[in-house]
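*Asks:* Chain by chain, the residues run as shown.
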Amino acid sequence: MKISVKKVFACLLMSILVMSTVAGCGGASSGSGGSGGTKILFIMTDVNDTFRATLSDAVLAAGKAQGVTLDMVETGDSVQDQLTLITEAKSKGYSAIILRSADANTAPQMNVASNDLPIIYLNAEPINDHLTADKYIFVGSDEYQAGQYQAEYVIKKLNNPKSLNVIIFQGEAGHSATIGRSKSVKKTLKAAGCNANYVFVDSANWSDAEAKEKLGIFMKTGQSVDAIFCNNDTMALGTIEGMKEYGLDYTKIPVCGVDATADGCASIQAGEMSFTVLQDAKGQAASAVTAAVTLGGGGSLKDIEGATSDLKYVYVPFVPVDASNVSQFK
Amino acid sequence: MGDMEEKKVKGAKAGPQKKKKAKKISTKLLTYIVPLVTATVIILIVVSFRLASTRMTEMATETLESSISNQADNIDAWLSENLTYFKTVKYLIERDEPTDENLQLVLDTYYGFNKNSPEGFYIGTSDGKLYKATESSIDVNDVKNSTWYQQGMSRVDIAYGTAYQNAQGITVVSATGILNDGDPGIKVFGADVPLNQISIIVNSGVKMKDASSFLVDTNDNTILAHRTASLVSTKLSDSSSDALLSGAAKSINDNDFTTKTIGDYMVAFSEVSGTDWVLVSYIPTAIILMSLMQMSNLLIIIGIIAVLLVVAAILYVVRRVVAPLGHISENITAMSEGDFTIEVDSSSDDEIGLMGSKVSDFVASMRNMLKSISEESEKLQEESYNSDRVSKTMYDASQSQAEAMQQLNETVDQLAKAVNDIAQNATVLAGVVADTRENSEKANQSMKDTVEISKKGREDMEKLSTAMDGIEQANEELVESINKVGSASEEITNIVSMIGEIAEETNLLSLNASIEAARAGEAGKGFAVVATQIAKLAQTSAESAQNISNLIEEVHRLIGNAVGQADASARSIKENSELINVAVGTFDQIYTNIQDSNQLIEAMIEDVGKVDDVATNVAAISEEQAASADEILATSENMVDMANNITRSSQDVADNSHELASTSATLTDHVQQFKI
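As you go down the protein sequences, you meet chains E and F in turn.
Quick note: this note's numbering has the first sequence finishing at residue 330, numbered continuously throughout.
Quick note: this note's numbering has the second sequence finishing at residue 1006, numbered continuously throughout.
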């Protein structure tokens, strides 16, 4: 009997859920207009960082290209300001919000405040649980892909080695980029049949100095190294510095970074760093606007390129950068 | 209920042949309601089972995912807690850079402080030295080649490595890192966490009832913790005979950490952050669905009870309501079998009593009715037999009438044809007679002309006779004349002979003259020429006299002929005269005869006129007769049709009355079945 009551309760809950979903859908569709008159609110923290500046410019350009009204507001690090903007967005006639969250952990609060407007998170990724299919989604690049490109580059460069002594300099411990980029390096090497010996795997906290210092400690262990993977360009640059100091040949030992920063690109051009990957700001911006228009019009991510099957993410591919194409990104 | 009763009464009225197996009202209600209720209950059970099944699976998935996420967090927290502790100690050592003595003291101090790492801390150096707590049972022969040293050499930040079996035969996971104390040599700082300690944490951390978990190191797929102790520290292989283990291995290798059903289990995966470990939680699907089964069993039982209750309720209600109707029902059953001798109980004072009294009334009236029906039907039967017979007779009669009519029709037909022929003939006759009359009138006229002509012929004949007499006289005169001519011609002959003698003497004179002229010589020559001329004349005169003599002789002979001829003519004329007289007589005869004929013809013409009138009349009359005959024919044909109709009708009447007879017989039979 107890179980039966549970079932009944479950059924009740389910019917309520179905009804509320139906009601919710009705509300959403009545609240959204066609793409012609689509108004999108773009909330940005700031454009002090080169990447963020590029990104916000690209978002505005994409809005123009797709013929939608796109209003950009800079909030700095104020979560409160972001919350106010999002709360008022619906009454101001916006049909979707593109948000560079000041703190991705506030996503649940923002989702509730949006009054059912879809939110496209950009650049700062909330955790999976805080995203909802076709409603609160993240547009960005798959961190996993960055590491995969690094590993693929090294395998190719070193002619499919059977074994490798590998150093990985990681970013901040527990950071999603750190985990994704490091894990994919290991997985890709393993999948390629390369028996990697991880002679040194440690966090250098995104810092060039720390990377250089850790390389020094590694040198003390007296082990040899064949390839160095860094979770970002800064650490890769520190590694290059260290290699110069400790007499390691970076022309033979490839050093890979991520982000394709100006320094990183310059280093590649100078023949020091071997490889980096570019986060495609334009691609992310275009996808974010497309997703905003689509979801704002009551559509689904299904038909958008790069959307994952759970309809919570739109991934924009990283772009591999090496000596052959670095000049395009400087 | 009222409906049911009415149905029964109707059944009784319909007669015994409509008898079918009487079903109880309760049975009927049950056959209608029970399947309905059962179907509803089954649909309810199926629908709720489906919904519950879907929802249960979702709930179980959510619970399992929530459980595993919670557990992973717990393991993470446990590991972090330990790691933080290890890091703190490491940091202290790095900061203080203690002497060997102090280091030993530090290690001894922390020994036993953390129950999760019972052997305490240890430090191995690149020159093969090992520092450890005095009481620690850790024993290492070759520090530099020991697993933990190798692992620790790859990082400064202390972190967990992969599982291995230490010198004491205990499977442990070491948290190790390079001691960054600025010394040129390498010192690896470490602490061991026995796997069974982790197993306890994993096995006791499951938040979902009946679910189990195991922990896998994805670096080498070692099972770090498992409820089955024998599996701990073995490798998780996708070729394992255990469907769950192989399935989990496959998922881990594919980096696919979505919740799925593997074999008989629902399996969830969670990566333990900060490590390469994956926690796998599983629960038998049977357990998830067990409550569902219980629920459905319960629902089925409730359904069956509900159906049984409905059956019981129907039976009770029907029995309660229908019982008093039993008696009436019996009576009605008797009635339906034709027994109207029954007495209906109408003592009750409710609707059923009313029903009883009404049924009683009905029985009484039925009784009367049946009686009169019975009588009437007998009469009817008799009458219908009579009617049948009569109609049969009528049929026969009308059939013969029809035949007679047919014959009459044929006769009239022939008659009409005959009359038509007569009419035609009479018309022709009338035409012929008219022609004849015309012809005989023409004949009459001709006859009259003939009479006239014959009259004239007689007169002419008489004139001819007179003329003939004249001719006879003239002929006699002619003969006389001719005879005178004869006498005259003899005189002429005499004269001519004298002329001849004169001519001969003249000729002799001329000859003498010529001889004298020839003597006279020249003087005589002129005379000689006259003398020759006279000689010639005398000769010619002699010849002419001869000719005339010949001619007269000829005339003489001709007259003789003419006299002969005239005599013959006289005789012919006499004969002609006689013949003519005969002809006159004949003419008279002819005339008289023609006169008679004329009179006869006139009489005939008169008669023909009469015949003409009669024939014309006959033609008109026979035409009228022909028209009448046609009318008669048409009429008689109608009559034939009518006679045929009558025959058919009388056949129908015969049939109907036959049927009526049998119907009334049946009716009688039926009515006789009622007992009254």
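Fair warning: there could be bad hints in the mix.
For each label pair, taking beta carbons as the anchor points, the in silico distance ranges come out as [what the hints assert, rightly or not]: (1) Ser399/F with Phe51/E: 30 to 36 Å; (2) Met620/F with Gln80/E: 48 to 54 Å; (3) Ala559/F with Gln80/E: 50 to 56 Å; (4) Gln80/E with Glu411/F: 32 to 38 Å; (5) Gly76/E with Met620/F: 54 to 60 Å; (6) Ala173/E with Ser399/F: 46 to 52 Å; (7) Asn475/F with Thr251/E: 52 to 58 Å; (8) Ala173/E with Ser560/F: 32 to 38 Å; (9) Thr251/E with Glu411/F: 43 to 49 Å.
Stretches of chain E that chain F covers, calculated by requiring three or more beta carbons in the stretch to come under 8 Å of a beta carbon on chain F [said to hold, decoys possible]: (10) 172-179; (11) 188-201.
Below, in silico cross-link-like pairs of lysine-lysine (DSBU-like), each with a Cα-Cα straight-line distance of 35 Å or less [unchecked claim]: (12) Lys252/E with Lys162/E; (13) Lys474/F with Lys187/E; (14) Lys220/E with Lys474/F; (15) Lys183/E with Lys785/F; (16) Lys580/F with Lys220/E; (17) Lys580/F with Lys135/E; (18) Lys590/F with Lys186/E; (19) Lys183/E with Lys537/F; (20) Lys282/E with Lys156/E; (21) Lys940/F with Lys186/E; (22) Lys785/F with Lys162/E; (23) Lys417/F with Lys187/E; (24) Lys590/F with Lys190/E; (25) Lys785/F with Lys940/F; (26) Lys156/E with Lys474/F; (27) Lys785/F with Lys187/E; (28) Lys302/E with Lys459/F; (29) Lys183/E with Lys940/F; (30) Lys772/F with Lys187/E.
Just so you know, these hints were derived from the structure itself, not from any lab.
For glycine and all other residues, C-beta sits at the position ideal for the given N, C-alpha and C.
*Asks:* Check each numbered hint from earlier against the structure, then list the numbers of those it violates in ascending order.
*Replies:* Those not satisfied are hints 6, 7, 15, 16, 21, 22, 27, 28, 29 and 30.
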